[in-house]
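Q: Sequence:
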Amino acid sequence: MVGVPTSNRCDNCRRRKKKCGEQRPSCAECIRSGWDCPGYPPRWKFVNERPRLKKLYSRRKYVFESNFTSPDLMRPEGASLGSIKSGSDLFLLEDFEVVSLEIPRFHGNNPLAVKLMYCLGCKVKGDLLPLWLIGSFFQYIPGRLGYNIALDDAITCICSLYCDGSSNEYTKSKAIYRSYIQALSSLQKCLVEERLRFQSETLCASLLLQMCELVVNVDKAKWIDLARGTSQLIKARGVGRYKDPFDLGMLESQLSYIVIQSAKFKEDCYLRKPEWRAILATTSTWPSNTITMKELKSLELRIQLCKQLFELPSILMEASSFLQNSGGLLAGSYPVSLNNILEICSKMKVWLSCGVEPHIFPNPRDTTGATVQYSDPIAGVVDCVANTTLLTLDKVICSLYHGSMATHAVDTFDDPEVVEGWYRRAIKAYDFVQKESTVAAEPLGIGLRQFQSSSPKPLAEIKS
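Numbering (the numbering used here), first residue to last: 1 to 464.
One or more of the hints may lead you astray.
As the list claims (entries may be wrong) - Just the calculated beta-carbon pair ranges, DEER-fashion:
# : residue 1 : residue 2 : range
1 : Gly240    : Gln308    : 23 to 33 Å
2 : Glu194    : Asp431    : 43 to 53 Å
3 : Thr283    : Ser346    : 44 to 54 Å
4 : Arg32     : Leu56     : 29 to 39 Å
5 : Phe265    : Leu56     : 46 to 56 Å
6 : Arg50     : Lys174    : 29 to 39 Å
7 : Trp351    : Lys435    : 46 to 56 Å
What the hints contain is simulated information worked out from the structure, not anything from laboratory work.
All values reported here derive from a predicted model rather than from experimental measurement.
Note that the Cβ used here is the ideal one computed from N, Cα and C, for glycine as well.
Work the whole structure out from these sequences, hints included.
A: Right, dumping it as structure tokens:
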């Protein structure tokens with residue numbers, strides 16, 4: 001075989017470039033020269049991997065099927081995941097253990113896909129967020145790399161955030177920023193070209209760069225612009241393009257951001273239409289062993305919450321319009337939509353009590369005085385948004401009863417102690433998310449500020 005030595009000379013003969021007789025215990029050249037012969041230790045070991053691989057794949061129909069089982073992890077079909085711990089400093093990863101991640105359609109000869117698989121195994125805290133908690137669509141990205149420059153450059157930027165091991169912080173930040181600028185440029189080119197504009201890969205690049213923006217430009221508040229563009233792109237592509245699991249997973253990851261955009265620009269949320277709700281009746285699945293059962297429950301609750309929020313922008317617009325046009329109407333002249341608002345508020349309370357609280361309280365039967373325990377940042381986001389929504393709806397109902405949102409003092413429709421509990425839970429949840437991940441906390445803070453004027457109390461403690 002080329003490259004494999006045909007003889008095993010001792011180190012003395014190898015350094016002196018002498019022909020070694022390989023006598024034992026000492027070769028003739030070492031004896032003649034008066035050297036102590038070091039012997040002939042094996043320098044290579046060829047391991048027969050066939051028995052191990054045969055046992056590993058013996059019961060699999062496909063290579064990407066997994067036989068790994070664990071009571072702490074979910075178990076639909078999919079892939080296994082390694083783990084990695086990180087320090088609190090930005091981009092600093094250490095003490096990592098890499099385990100092969102099995103994803104369908106993965107091409108092993110694509111180095112960018114290999115790097116992405118490593119990033120998918122990163123469980124981080126501080127500034128970044130584990131990629132699997134962003135959306136299930138990541139499992140389909142490796143097989144789509146190499147066909148769309150925008151997606152390739154976006155993944156390169158993501159990998160630079162999660163995998164950059166440079167010890168020089170300035171050099172590292174400069175390299176990350178350069179890759180981010182390149183990814184933005186590539187996305188712009190794909191959006192201009194009609195053939196690439198509505199491709200799934202282009203949409204994926206757009207939403208990935210939102211996350212990069214939160215890390216690269218922390219204080220420039222440009223995330224909302226990227227989120228707006230992604231929301232418009234999702235709508236322009238049409239509801240028929242989201243039947244594929246890859247596209248459905250991307251849509252699910254953007255639901256809350258679309259609601260934020262609708263509230264900010266005072267427009268109806270297009271997701272409330274029947275055709276969009278029909279698409280979202282089917283939920284995507286995560287590969288096995290990638291997230292825990294607790295994390296899976298948090299992600300399910302997030303989708304359930306978003307479906308209830310689709311009506312919120314329209315409610316705020318209708319209430320604002322009614323109060324502006326009511327003028328001198330007497331108290332008791334309520335809009336027709338008030339009954340709808342009361343119904344939504346009632347459903348939200350029931351869902352929070354029966355769906356969210358069993359997930360975040362150690363003892364769901366006794367929530368009085370109990371300490372809330374969030375298993376992951378998504379659980380904190382869900383609890384924060386749910387309680388803030390109840391605060392917003394309570395203020396809207398109260399304002400409609402008073403007849404003027406601007407001239408009357410802050411009051412509550414529900415019991416003041418109940419409203420105070422919502423407020424404290426929202427603050428506590430936001431503080432938890434902010435400590436866990438900047439990437440998760442920044443959009444949450446932006447969303448809360450959109451509804452701040454409608455809250456019974458100003459959320460002064462919430463800072464971006």
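Q: With reference to the structure, classify each hint as holding or not holding.
A: Results for each hint:
A C-beta distance of roughly 25 Å is found between glycine 240 and glutamine 308, which places it inside the suggested range of 23 to 33 Å. Between glutamate 194 and aspartate 431 the beta carbon distance is about 46 Å. The supplied range of 43 to 53 Å therefore holds. Checked against the hint of 44 to 54 Å, the C-beta distance between threonine 283 and serine 346 comes to roughly 25 Å, which is inconsistent with it. For the hinted restraint 29 to 39 Å between arginine 32 and leucine 56, the CB-CB distance of approximately 52 Å leaves it violated.
For the pair phenylalanine 265 and leucine 56, the supplied restraint of 46 to 56 Å holds, since their beta-carbon distance comes to about 53 Å. Distance hint check for arginine 50 and lysine 174: the Cβ-Cβ separation is about 47 Å, which falls outside the suggested range of 29 to 39 Å. Hint check: tryptophan 351 to lysine 435, Cβ distance near 26 Å, so the stated range 46 to 56 Å is violated.
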